[in-house]
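> Listed below, chain by chain, are the residues.
There are 2 protein chains.
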Amino acid sequence: MSEYLLGIDWGSTNRRAYLLDADGQCLRQHADGTGMLAARGRFAEALADLCRDLRVPAGTPVVMSGMVGSAQGWHEVPYLTPDVPLTDLPRQLARLAGPEAPVGIVPGYRLPASADGGVDVMRGEETQLLGALALGAAGGWFILPGTHSKWARLEGERLAQWSTYMTGELFAALGQGGTLAALMAAGAEHDAQAFDSGVAAARVGGALTHALFTVRARVVTGDLPAAQARSFVSGLLIGTEFTACALPAGTELAIIGSPALAARYQDAARHFSLRTRIIDPDRAYCAALGRFMKKESRR
Amino acid sequence: MSEYLLGIDWGSTNRRAYLLDADGQCLRQHADGTGMLAARGRFAEALADLCRDLRVPAGTPVVMSGMVGSAQGWHEVPYLTPDVPLTDLPRQLARLAGPEAPVGIVPGYRLPASADGGVDVMRGEETQLLGALALGAAGGWFILPGTHSKWARLEGERLAQWSTYMTGELFAALGQGGTLAALMAAGAEHDAQAFDSGVAAARVGGALTHALFTVRARVVTGDLPAAQARSFVSGLLIGTEFTACALPAGTELAIIGSPALAARYQDAARHFSLRTRIIDPDRAYCAALGRFMKKESRR
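Chains A and B, in that order, are what the protein sequence lines are. For the first sequence, my numbering begins at 121 and goes up steadily by one. For the second sequence, my numbering begins at 121 and goes up steadily by one.
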């Protein structure tokens, strides 16, 4: 029985690692760019490198979540369906054969297609959400912003529904090439007023492909200073999530995100009269690991 | 007085040239990749090269439309507002000083911001629309599909409204990098059923950033074969235009586009019970040039 647990949030392009002691305290934390894409074909080696860098005691069990469990990852773990409660995840770990210490991968979830075409998937966010529950959350709405922003509603310990938005990915793509790239490069600093205008444009509804073109039209006609285009697009894309979810005024949203990104979602939430609170993603992840530790330390 | 007219549809990345005789017949036609971006800083030379390649008689007047008249083009021409009828464009040409033969640039249009935030711009499409009028069109709805698809409504000879959608640009960007690029590379051939499914997904409404993510979710959960992803995304983006415009069933749309692209818009139009007819863009452009010729040959 180990006195430690190593948890790895292993996504497509980044990984974050946390070494916990027997009391669930995070002793050491590490983040690097050795995501699934960089580690492909050499996952065992990439894990060994991480253990050495973090001075992880020999024999420490490992729990991994995220794209590491996808078809392109280390070992494909089938998706769970929402009838399996998040609190059951410690019993659902997929075991990797071979390594000296036990290595488990947290399965993701898939949302079956429904009448409104609600097919969706997650890998990694389920662990953050389990962490939120471990920190005392009691269901309701959660936002996990990022490359693929997720809005999830928990009914008690179960995932009732969720939707993913390619917000961060589209923002990055628009900034890298095409009509808006030069404009978005002009205003690297956040502009609160332009962000608000972008959220307001999203509230109007209509096609996002049209709203994106109007950014250029606004600039060339003098309606929008070029230096504000980047923040306007940010507000437009984040506001699109809120418009689509259309939650009743007064609903509370828990945002599991880094301070800078969470602040943007708080700004947008005010437009829709929604209440927000922020959950630190590292804290949530460590709280989830505490649940796995109880299970793993009994092995 | 010249017996010829050279017309150039000079866009960001491509240019198309047409040499007309005194009867308005197109004698020679040429297309190349010397768009505004490639010709920047050497427009006069790029025009001289074109005239040599097309064996344009000396002294032939030139009419150019498109991004060549933008701030990044040869000579910035101020936008017209919609109160100026399209049929007035021959009187609105901006003259370039210097070249031996008369060179005129067709001004674009801007749509002022309105209560619904309808700010929009066009450069080049106004000439196609003038051509449609010259071919006998009598107002109504027009689609000019492409990198920046435009839906325009004419009231007689005036632009009543229009909206631009970054459809082609977003389709290209999604195919070049990010989550969907590998999937979209898998199915290069058009799949009519997948295209229809994409249009149907667009009709459901909701956030485009979510619908795009569901393409990946559909593939990884087995709902959509990877080889169909490209056509699904095409249907989704084109369907988004139709959903946003929300025209009453039975409305007639004139599609000014190449046969392959126009066919996609016809497929999508059937979902919304809209009637369509196709106008060949080369024919429309030459018809517009006929209007300019009447004016230019009097100089």
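Hints listed in this document are in silico derivations from the structure and should not be mistaken for laboratory results. For each residue, glycine too, the CB sits at the ideal point set by N, CA and C. Some hints could be false.
What the hints assert, rightly or not - Restraint-style ranges between C-beta atoms, simulated for each label pair:
1) B:Ala301 <-> A:Thr201: 25 to 35 Å
2) A:Arg390 <-> B:Ala217: 46 to 56 Å
3) B:Glu196 <-> A:Asp173: 30 to 40 Å
4) A:Arg390 <-> B:Asp208: 39 to 49 Å
5) B:Gln149 <-> A:Pro232: 28 to 38 Å
6) B:Gln149 <-> A:Ala280: 20 to 30 Å
7) B:Glu277 <-> A:Arg397: 52 to 62 Å
8) A:His391 <-> B:His195: 50 to 60 Å
9) A:Thr371 <-> B:Asp208: 46 to 56 Å
10) B:Glu277 <-> A:Thr201: 54 to 64 Å
11) A:His310 <-> B:Gly342: 33 to 43 Å
> A separate judgement is required for each hint: does it hold in the structure or not?
Status of the hints after comparison with the structure:
Taken as a hint, the range 25 to 35 Å holds for the pair alanine 301 of chain B and threonine 201 of chain A, whose Cβ atoms sit roughly 29 Å apart. Taking 46 to 56 Å as the suggested C-beta distance range, the pair arginine 390 of chain A and alanine 217 of chain B conforms, at roughly 53 Å. In this structure, glutamate 196 of chain B and aspartate 173 of chain A break the distance hint of 30 to 40 Å, their C-beta atoms being roughly 56 Å apart. The supplied range of 39 to 49 Å is met by arginine 390 of chain A and aspartate 208 of chain B, whose beta-carbon atoms lie about 47 Å from each other.
Checked against the hint of 28 to 38 Å, the C-beta distance between glutamine 149 of chain B and proline 232 of chain A comes to roughly 53 Å, which is inconsistent with it. Against the hinted window of 20 to 30 Å, the Cβ-Cβ separation of glutamine 149 of chain B and alanine 280 of chain A comes to about 60 Å, which falls outside the hint. For the pair glutamate 277 of chain B and arginine 397 of chain A, the supplied restraint of 52 to 62 Å holds, since their beta-carbon distance comes to about 58 Å. Under the hint 50 to 60 Å, the C-beta atoms of histidine 391 of chain A and histidine 195 of chain B, about 42 Å apart, miss the expected range.
Between threonine 371 of chain A and aspartate 208 of chain B the C-beta distance comes to about 53 Å, which sits within the given range of 46 to 56 Å. Checking the proposed 54 to 64 Å range against glutamate 277 of chain B and threonine 201 of chain A shows it holds: the Cβ atoms sit about 59 Å from each other. The supplied range of 33 to 43 Å is met by histidine 310 of chain A and glycine 342 of chain B, whose beta-carbon atoms lie about 41 Å from each other.
Hints 3, 5, 6, 8 from the list above are not met by this structure, while the remaining hints are.
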